[in-house]
Amino acid sequence: MAEEDDRERLKSALWFAVGQIVDEECLRRNRNATPQFIGALTEMVWTQIENVAIDLESFANHASRPNITTEDVLLLARKNPDLQQIMGDFVNERKGVREAKMGKSKSAGRRR
Numbered sequence: 024m025a026e027e028d029d030r031e032r033l034k035s036a037l038w039f040a041v042g043q044i045v046d047e048e049c050l051r052r053n054r055n056a057t058p059q060f061i062g063a064l065t066e067m068v069w070t071q072i073e074n075v076a077i078d079l080e081s082f083a084n085h086a087s088r089p090n091i092t093t094e095d096v097l098l099l100a101r102k103n104p105d106l107q108q109i110m111g112d113f114v115n116e117r118k119g120v121r122e123a124k125m126g127k128s129k130s131a132g133r134r135r
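Counting in our numbering, the sequence shown runs from 24 upward without gaps.
Honestly, the hints are just simulated from the structure, not real lab data.
Derived EDC-like pairs (lysine to aspartate or glutamate); straight-line CA-CA distance at most 16 Å:
| id | residue 1 | residue 2 |
| --- | --- | --- |
| 1 | Lys102 | Asp78 |
| 2 | Lys118 | Glu94 |
| 3 | Lys34 | Glu73 |
| 4 | Lys34 | Glu66 |
Here the structure is a predicted model, which means the values were calculated and not measured.
Work the whole structure out from these sequences, hints included.
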């Protein structure tokens with residue numbers, strides 16, 4: 024029952040977020056969107072999120088890992104080379120930042 028409550032809260036939060044984005048775009052473009060449109064768009068996004076989650080779990084399971092990693096996410100993006108490139112660049116940038124921090128903390132420890 025708690026899992027169903029969590030699911031409904033997440034779906035409500037998604038509906039709210041999608042509604043805000045649609046409202047902003049409607050104001051920017053001087054258009055209107057019906058609540059039915061927002062509801063249908065929310066359902067479509069929810070379905071996509073569920074499909075992505077299933078795929079990511081499958082990739083991790085196939086690699087005999089209990090956790091989803093960045094490699095799984097990059098594998099998911101393989102059919103969209105531009106997205107995969109952007110995501111790969113972001114991952115590499117974050118790894119560089121993390122390594123730089125680790126290097127600084129190791130060199131600071133040596134000075135003592």
